[in-house]
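Engineer: Build the full structure now, drawing on both the sequences and the hints.
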Amino acid sequence: MSERTNRPIRRAVQWLRGHVVAVVIDVLILIVLAALVFAVWELAVTVFEAVTSGSGGAFKYITTEVLTVFIFIEIFHSLVEYLRHHRVRVTHLLDASLAFVLREVWVALYSGHSEWGLVIAMSVLVLALGIVRTLAVVFSPASAAGASSS
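Its first residue numbered 0, the sequence shown is counted upward by one per residue in numbering that gives the first Met the number 0.
No lab work stands behind these hints, which were simulated from the structure alone.
Incorrect hints may appear among the rest.
Ranges between beta-carbon positions, derived for each pair [claimed, not checked]:
hint	residue 1	residue 2	range
1	P7	V65	48 to 56 Å
2	T51	V125	31 to 39 Å
3	S113	L27	31 to 39 Å
Each residue gets a CB set at the ideal place from its N, CA and C atoms; glycine is no exception.
Structural biologist: See below:
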């Protein structure tokens, strides 16, 4: 097969691949959005039940569920960022990591079975992630491009 007859086939395959990838990404967005809506709905029902019953244990559950919803939001935000710019920003990954670690710290503290070594290790991890996130914002390519153009 010559190069000239191979070009239309290559273009057709690239077009098909682009459309298939777009459909798969749209389906993934719908799944993540459905999970987020379900999590928020479940949280609203739990808040209503906690307020009507006055149970203190329900508020601990609500706190961890709110943090879980924040993790879903950060993951969805990272997915949308990837779809728009075809790259994932380090700050978005760090935000999701911070939300996840803070949720685990919160769960460990609420459970009452947290060891001091684990709490200190998680605190150091939160501090390290916070420092790396700050450095990522200060030394981001966007801020470097803005500084060089002025």
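Engineer: Would you mind marking each hint as holding or not holding in the structure?
Structural biologist: Do the hints match the structure? See the list:
1. Hint check: P7 to V65, Cβ distance near 54 Å, so the stated range 48 to 56 Å holds.
2. At about 35 Å, the CB distance of T51 to V125 agrees with the hint of 31 to 39 Å.
3. S113 and L27 have their C-beta atoms about 35 Å apart, which keeps the hinted 31 to 39 Å range intact.
Every hint from the earlier list agrees with this structure, and none is contradicted.
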